[in-house]
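These protein sequence lines are chains A and B, in that order. Counted from 1, the first sequence has number 369 at position 369 by UniProt numbering; the numbering is strictly sequential. Counted from 1, the second sequence has number 146 at position 146 by UniProt numbering; the numbering is strictly sequential.
If you are wondering where the hints come from, they were derived from the structure by calculation, not from laboratory data. C-beta atoms are modelled at their ideal positions from N, C-alpha and C, and glycine is treated no differently. Honestly, I wouldn't trust all of these hints.
The following residues of chain A were derived to be distant from chain B, with all beta-carbon distances above 12 Å [claimed, not checked]: (1) T141; (2) R154; (3) A299.
With a Cα cut of at most 30 Å, we get these calculated DSS-like pairs of lysine-lysine [unchecked claim]: (4) B/K107 <-> B/K63; (5) B/K278 <-> B/K94; (6) B/K297 <-> B/K63; (7) B/K181 <-> B/K278; (8) B/K107 <-> A/K113; (9) B/K92 <-> A/K310; (10) B/K284 <-> B/K94; (11) B/K68 <-> B/K107; (12) B/K288 <-> A/K118; (13) A/K56 <-> A/K329; (14) B/K47 <-> B/K304; (15) B/K199 <-> A/K310; (16) B/K304 <-> B/K8; (17) B/K231 <-> B/K304; (18) B/K92 <-> B/K278; (19) A/K287 <-> A/K85; (20) A/K327 <-> A/K78; (21) B/K284 <-> B/K68; (22) A/K85 <-> A/K310; (23) B/K297 <-> B/K284; (24) B/K199 <-> A/K327; (25) B/K94 <-> A/K329; (26) B/K297 <-> A/K329; (27) B/K278 <-> B/K304; (28) B/K8 <-> A/K310; (29) A/K100 <-> A/K329; (30) B/K181 <-> A/K118.
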Amino acid sequence: MAQLYYSMKPTPMLKDELDIVIPTIRNLDFLERWRPFFEQYHLIIVQDGDPSKAIKIPEGFDYELYNRNDINRILGSKASCISFKDSACRCFGYMVSKKKYIYTIDDDCFVAKDPSGKEINALEQHIKNLLSPSTPDFFNTLYDPYRDGADFVRGYPFSMREGAITAVSHGLWLNIPDYDAPTQLVKPLERNSRKFDFSLRYVDAVMTIPKGTLFPMCGMNLAFDRELIGPAMYFGLMGDGQPIGRYDDMWAGWCVKVICDHMGWGVKTGLPYIWHSKASNPFVNLKKEYNGIFWQEEAIPFFQSVTLPKECTSVQQCYLELARLVKEKLGKVDPYFNKLAVEMVTWIEAWEELNSPKGTEAKAPNGKKK
Amino acid sequence: MSVAEINKNEVDIVIGALNADLTQFLSSWRTFFSGFHLIVVKDPELKEELNIPEGFDVDVYTKTDMEKVLGSTNSTMFSGYSCRYFGYLVSKKKYIVSIDDDCVPAKDPQGFLVDAVSQHVINLETPATPLFFNTLYDPYCEGADFVRGYPFSLRSGVPCAASCGLWLNLADLDAPTQALKTEQRNTSYVDAVMTVPAKAMLPISGINIAFNRELVGPALVPALRLAGEGKVRWETLEDVWCGMCLKHISDHLGYGVKTGKPYVWRNERGDAVESLRKKWEGMKLMEKSVPFFESLKLPESALKVEDCVIELAKAVKEQLGSDDPAFTQAADAMVKWIQLWNSVNSSG
């Protein structure tokens with residue numbers, strides 16, 4: 001039924017059906033820039049780092065805030081699955097949300113402008129993406145056929161034109177591109193732009209990533225159907241005490257894509273753009289990513305060859321099976337993967353606990369609304 | 001890679017002439033075709049003499065030439081839009097760029113005319129990345145790169161077999177769609193080139209296409225003809241079938257297929273509603289083709305493109321032959337095509 005909404009004009013706001021999840025360690029001044037677009041939505045702030053620090057949130061926003069003390073209190077021993085000192089902790093926000101959709105954004109991301117100079121309502125575009133079908137089974141050369149002005153091209157099978165339900169909408173970034181540390185070190189000045197006139201490379205397209213194809217999912221500007229794929233959006237073990245960082249969203253993306261392919265759901269990428277303002281320190285990044293650069297060479301063939309049994313009919317079942325396979329196949333790459341596999345299971349247990357009917361009472365956060 | 005580095009001697013521009021008067025078409029492309037060798041192939045069913053303006057380095061092929069090669073009076077393999085394949089057959093160059101004769105250069109959002117030929121060659125000369133999707137699209141173009149999380153072992157890419165361009169104004173929609181949305185024109189210029197991932201199927205349009213002839217030439221098969229195939233794209237499927245074969249073979253051999261830029265401007269021509277009146281069997285054939293290609297596995301032993309085509313033809317005949325005579329004919333045509341290819345290209 002939600003699929004019918006995509007042709008509604010204007011795009012429904014879904015303000016009672018969508019939570020915005022933001023991880024932070026400092027302040028949320030950036031919200032001031034997003035105010036016209038975010039003010040009507042409920043925010044879930046996940047405060048990383050020192051819980052005694054007070055996070056300043058601009059007036060007028062409706063939010064709940066969770067710090068590490070809250071996470072420990074709410075999850076108890078299961079809090080071990082939530083990363084500390086890494087933005088991966090944001091997935092706690094997915095778990096405690098009660099809404100159908102999630103939009104997550106980094107606190108160094110701002111409103112971008114399209115080539116005509118108009119400010120981009122990123123959230124509205126994500127909603128359009130999520131409410132319209134995907135086309136994972138056959139690539140449309142005119143990209144998203146459901147967009148105004150587009151359609152399926154000649155030769156596109158009619159039986160596939162209803163598309164599949166969209167589980168994930170992956171947005172992009174103007175200005176500072178999401179490069180890894182080695183690339184940042186080699187090209188510190190590169191912006192997502194053209195060489196000759198430095199105009200920004202704005203690619204005016206949304207497309208479905210074909211079934212069977214993996215991609216690097218960036219968590220900076222990401223929306224998803226939590227009711228569908230939420231349990232698979234675990235951002236892994238990163239940060240403090242862990243041998244890896246900056247692979248949280250990557251890990252979630254590989255798991256999510258495999259499961260979406262299995263379930264017949266679509267993952268879109270492309271619009272909307274946000275403006276990414278801050279380039280993190282490439283030397284710090286290199287240290288965090290170091291193991292990841294080698295481990296991804298093993299992880300990716302693993303994910304590319306995974307087949308989930310047809311008995312796995314729920315996302316939770318798929319995820320638990322994935323956890324089992326991670327231990328079996330990647331455990332020998334590094335003991336980290338054994339730990340990760342254990343916490344993947346913990347995550348699902350915690351998800352079930354919090355999202356079952358009786359689990360909802362225990363969740364009261366520390367920081368309150370307006 | 002820049003325009004200045006393109007070796008024009010490696011490229012043939014092949015034009016299938018379905019219209020006799022190519023003056024407007026060739027004049028509009030003059031700047032971008034200049035310095036290149038052209039092969040113009042006349043639709044054997046076209047009665048009038050071709051009108052080609054001066055100043056082009058062009059070889060023209062007609063029905064007579066086809067009959068010499070085919071050794072018979074049967075030139076239906078190369079009739080209509082399929083006439084261009086004859087040009088692919090006789091070319092001796094590394095790259096082929098092929099554009100329908102009702103297309104002219106498009107303008108990009110900055111107002112500059114798009115050099116479709118150069119963009120195609122650049123696409124073909126730079127690697128493709130079919131094994132993992134790059135969210136910033138073509139990582140080899142200036143101002144872009146591989147994103148965080150892209151495996152380093154896959155960053156050298158694979159050879160690009162084909163470059164599928166797009167169309168502004170009249171997009172390549174099928175007759176029912178265009179008939180339903182009579183006023184719809186494509187005004188969206190998407191500033192990207194990307195590799196279509198391995199195993200993903202797509203409808204490849206012959207309107208604006210380029211390929212590495214040395215790499216995959218024999219895989220561009222003029223095979224599937226609709227009964228009552230017409231002289232407007234709405235009444236054909238030959239390129240879509242050819243594209244399914246090409247993509248499958250490219251995937252099998254580890255090559256890539258790119259899509260996106262360059263755009264061409266496609267002029268108004270034909271009437272979608274008129275085309276819709278004809279019994280449109282293309283829809284049925286596509287429905288049958290899709291599960292076939294989805295489950296098809298070429299044998300590991302098929303290492304040459306020609307062998308892949310032969311194996312594909314065998315599978316088409318076995319699995320689709322009983323569904324529709326068009327498939328049996330396509331399979332036979334594919335085998336015949338390889339025979340022709342081998343005979344023309346061994347003596348050349």
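Now for the hints, and whether the structure bears them out:
1. T141: 5 Å, violated
2. R154: 4 Å, violated
3. A299: 9 Å, violated
4. B/K107 <-> B/K63: With a Cα-Cα distance of about 35 Å, the restraint between B/K107 and B/K63 is violated, given a limit of 30 Å.
5. B/K278 <-> B/K94: 39 Å, violated
6. B/K297 <-> B/K63: Violated, because 37 Å separates the two Cα atoms, which is more than 30 Å.
7. B/K181 <-> B/K278: 18 Å, holds
8. B/K107 <-> A/K113: 23 Å, holds
9. B/K92 <-> A/K310: The given pair, whose Cα atoms are some 51 Å apart, is violated under the 30 Å limit.
10. B/K284 <-> B/K94: 36 Å, violated
11. B/K68 <-> B/K107: Not satisfied, since the Cα-Cα distance of roughly 41 Å exceeds 30 Å.
12. B/K288 <-> A/K118: Distance ~45 Å between B/K288 and A/K118 Cα, so the pair is violated.
13. A/K56 <-> A/K329: 44 Å, violated
14. B/K47 <-> B/K304: Not OK: B/K47 and B/K304 at ~39 Å, beyond 30 Å, violated.
15. B/K199 <-> A/K310: 21 Å, holds
16. B/K304 <-> B/K8: Cα-Cα ~27 Å, so holds.
17. B/K231 <-> B/K304: Between B/K231 and B/K304 the Cα gap is close to 33 Å, so the pair fails against 30 Å, i.e. violated.
18. B/K92 <-> B/K278: Cα-Cα ~38 Å, so violated.
19. A/K287 <-> A/K85: 15 Å, holds
20. A/K327 <-> A/K78: 19 Å, holds
21. B/K284 <-> B/K68: Distance of about 35 Å is beyond 30 Å: violated.
22. A/K85 <-> A/K310: 38 Å, violated
23. B/K297 <-> B/K284: Roughly 23 Å separates the two Cα atoms, so the pair holds.
24. B/K199 <-> A/K327: 28 Å, holds
25. B/K94 <-> A/K329: 44 Å, violated
26. B/K297 <-> A/K329: 27 Å, holds
27. B/K278 <-> B/K304: 39 Å, violated
28. B/K8 <-> A/K310: 53 Å, violated
29. A/K100 <-> A/K329: 33 Å, violated
30. B/K181 <-> A/K118: 28 Å, holds
When held up to the earlier numbered hints, the structure conflicts with 1, 2, 3, 4, 5, 6, 9, 10, 11, 12, 13, 14, 17, 18, 21, 22, 25, 27, 28, 29 and fits the remainder.
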